[in-house]
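Heads up: the protein sequence lines correspond to chains A and B, in order.
Mapping of the first sequence onto the numbering used here: position 30 corresponds to residue 229, and the numbering continues sequentially without gaps.
Mapping of the second sequence onto the numbering used here: position 109 corresponds to residue 308, and the numbering continues sequentially without gaps.
There could be a bad hint or two in this list.
Which copy is meant is left open, because identical chains are indistinguishable; a pair holds if it fits in one copy or across any two.
[To be verified] Quick list of in silico lysine-lysine cross-link-like pairs, PhoX-like style, CA-CA up to 25 Å:
no.: 1; residue 1: K476; residue 2: K463
no.: 2; residue 1: K441; residue 2: K226
no.: 3; residue 1: K344; residue 2: K244
no.: 4; residue 1: K479; residue 2: K463
no.: 5; residue 1: K244; residue 2: K207
no.: 6; residue 1: K226; residue 2: K344
no.: 7; residue 1: K207; residue 2: K476
no.: 8; residue 1: K328; residue 2: K344
FYI, nobody ran anything at the bench for these hints, they're computed from the structure.
Nothing here was measured: the structure is a model prediction, and the numbers come from that model.
Protein chains: 2
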Amino acid sequence: MDYQEHFKQIAKFIEKTCSELIPLTDKPYNEIFLAARYSLLAGGKRLRPLLAILTAEMLGIHPDQSVASSCALEMIHTYSLIHDDLPGMDNDDFRRGKPSLHKAFPEGIAVLAGDYLLTYAFEVLVNAKHQNADQKLVLISVLAKSSGGDGMIAGQVMDIMALSVDLTSLQQTHLNKTGMLIAASMEFGAIIGKATTEQRNLLRQFGLDIGLAFQIIDDILDVTQSKEKHGREVASDLINGKTTYVSLMGLEESKNFAKSLTNKALESLKTLPFDTKPLKILTDSLVNRQI
Amino acid sequence: MDYQEHFKQIAKFIEKTCSELIPLTDKPYNEIFLAARYSLLAGGKRLRPLLAILTAEMLGIHPDQSVASSCALEMIHTYSLIHDDLPGMDNDDFRRGKPSLHKAFPEGIAVLAGDYLLTYAFEVLVNAKHQNADQKLVLISVLAKSSGGDGMIAGQVMDIMALSVDLTSLQQTHLNKTGMLIAASMEFGAIIGKATTEQRNLLRQFGLDIGLAFQIIDDILDVTQSKEKHGREVASDLINGKTTYVSLMGLEESKNFAKSLTNKALESLKTLPFDTKPLKILTDSLVNRQI
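Please construct the entire structure, taking both the sequences and the accompanying hints into account.
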């Protein structure tokens with residue numbers, strides 16, 4: 200099996216489904232859908248829905264049955280990027296090599312497009328055709344908690360208040376800002392695939408570990424990669440005076456830490472009675488391609 | 200029965216419950232809860248949860264069993280005010296006689312506090328102790344739709360894009376921006392109180408009508424009331440060049456239209472086989488006290 204091709208096909212399926220979930224209209228307020236699509240359909244790895252779909256598939260669920268609910272994860276991730284880029288937040292003019300949403304549209308529309316994607320994520324989960332009422336409520340609960348005031352938003356608060364002064368607080372910031380939504384993605388797959396509580400907890404921890412690893416890699420890329428490749432200004436974290444793993448640990452130590460987290464996560468997968476190879480290969484390729 | 204006292208007691212109960220739902224913490228990111236509480240507990244009529252609780256009470260449900268879910272409506276309303284006031288949106292420095300959230304806290308915290316309240320509203324509904332799984336899913340669906348891209352957010356898009364150029368488009372803007380969440384409040388009461396579909400639809404229409412009436416009254420107050428009484432700069436709509444009912448219809452015609460909408464709504468209540476007096480008295484007092 201060509202796993203990379205499989206991942207690509209699923210990513211395309213995610214993009215297609217996201218697009219169908221937010222069709223263009225002739226409504227007078229169509230601008231909000233245009234703006235949401237500008238950011239939501241801007242490419243990217245689709246990592247969160249991809250992890251959810253692969254995890255559900257590992258548990259015997261066809262992507263047809265998990266894709267819509269998984270798109271809710273991408274909507275939450277996208278809204279967080281839109282709001283993160285705003286002038287009152289990180290004030291980033293570029294995202295994935297294109298002008299940020301508030302540069303391509305009026306700033307107010309960018310605020311509202313973020314609000315719309317956030318709200319719509321929950322509507323998509325309520326409307327999910329292939330999950331039963333109990334599954335929907337658990338998905339909604341997991342999404343709200345992982346992206347909420349003790350989840351992703353807590354990480355963003357710590358980030359903009361520059362509370363990450365040492366490794367402990369930086370780790371909490373990254374776990375909240377990135378790890379929790381990736382953990383939620385693994386839980387989405389577990390819930391849709393009706394995993395046991397024990398399996399779901401293991402998959403959640405896998406998500407926290409690789410989420411933290413990916414954030415460290417992001418810190419590394421911020422220093423080592425050019426705008427062309429990464430789609431952002433070089434070393435924007437350093438320019439913004441933000442504490443990062445690289446600034447606290449140095450480049451080599453950061454790489455080693457990301458690798459050890461990834462190895463721990465991959466080891467845990469081996470205890471599951473499923474074909475975990477797709478998850479392993481995806482994780483490997485994401486880590487090794489980039490550092 | 201002293202209805203005004205009853206409304207006051209319920210408003211206090213709403214405020215207390217909202218406060219308990221967002222306790223202060225010693226977490227490093229406590230600032231987000233401080234900011235959310237600054238806006239959420241800033242007084243106000245608590246109209247949306249009050250309507251939901253009174254409607255449920257009319258259907259035999261004690262406020263103890265409806266208050267938490269009803270607070271989700273106040274959270275959505277409050278987030279929309281926080282984001283509406285942002286510099287990239289209406290750029291209002293005052294709200295309810297106090298500095299706007301982005302004036303009292305850093306702007307980024309205001310963006311995130313809005314996001315937090317939006318997200319948390321759905322978590323509160325998932326956690327509702329007194330509603331069953333089916334009720335929760337319907338509440339979540341109603342809240343997401345009424346506040347989403349074809350609901351409240353559509354109204355805000357039309358508002359900031361100045362698309363309300365005539366009475367038809369102004370009415371759509373107001374119905375979306377204000378009417379739909381008030382209609383959702385009536386539906387919340389109906390769902391919690393297990394009303395029939397027919398009754399729920401009638402209550403929803405009641406909400407749309409009085410929601411539009413209240414928005415027209417808001418337009419009127421913007422012209423006629425001082426900052427002390429209304430808590431905002433005088434005639435900010437006019438200063439901002441916004442089309443309002445007053446600018447399109449004139450003051451007297453606007454008052455008459457608000458009254459006729461209210462009368463239509465109150466007439467419809469008479470067809471319900473319940474004690475609708477509390478809803479009638481609340482509506483009367485809100486309309487008559489202000490215009």
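Right, here's what the structure says about each hint:
Taking the shortest alpha-carbon separations for K476 and K463, only the intra-copy value of 15 Å comes in at or below 25 Å, while the best inter-copy value is 64 Å. Taking identical chains as interchangeable, the C-alpha atoms of K441 and K226 lie at most 25 Å apart only when they sit on different chains, with a minimum of 21 Å there against 42 Å within one chain. Taking identical chains as interchangeable, the C-alpha atoms of K344 and K244 lie at most 25 Å apart only when both belong to the same chain, with a minimum of 23 Å there against 29 Å between chains. In the homo-oligomer, the alpha carbons of K479 and K463 lie at most 25 Å apart inside one protomer (12 Å), although the nearest pairing across protomers, at 63 Å, exceeds that limit.
Proximity of K244 to K207 under the C-alpha cut-off of 25 Å is restricted to the intra-copy arrangement: shortest distance 9 Å within a copy versus 52 Å between copies. Only between protomers do K226 and K344 lie at most 25 Å apart by alpha-carbon distance; the minimum there is 16 Å, versus 33 Å within a single protomer. Within a single copy, K207 and K476 get their C-alpha atoms as close as 16 Å, which meets the 25 Å cut-off; across copies the closest is 61 Å, which misses it. For a Cα distance limit of 25 Å, the shortest separation of K328 from K344 qualifies both inside one copy, at 23 Å, and across copies, at 17 Å.
Against the hints set out earlier in the document, no violation occurs for any number.
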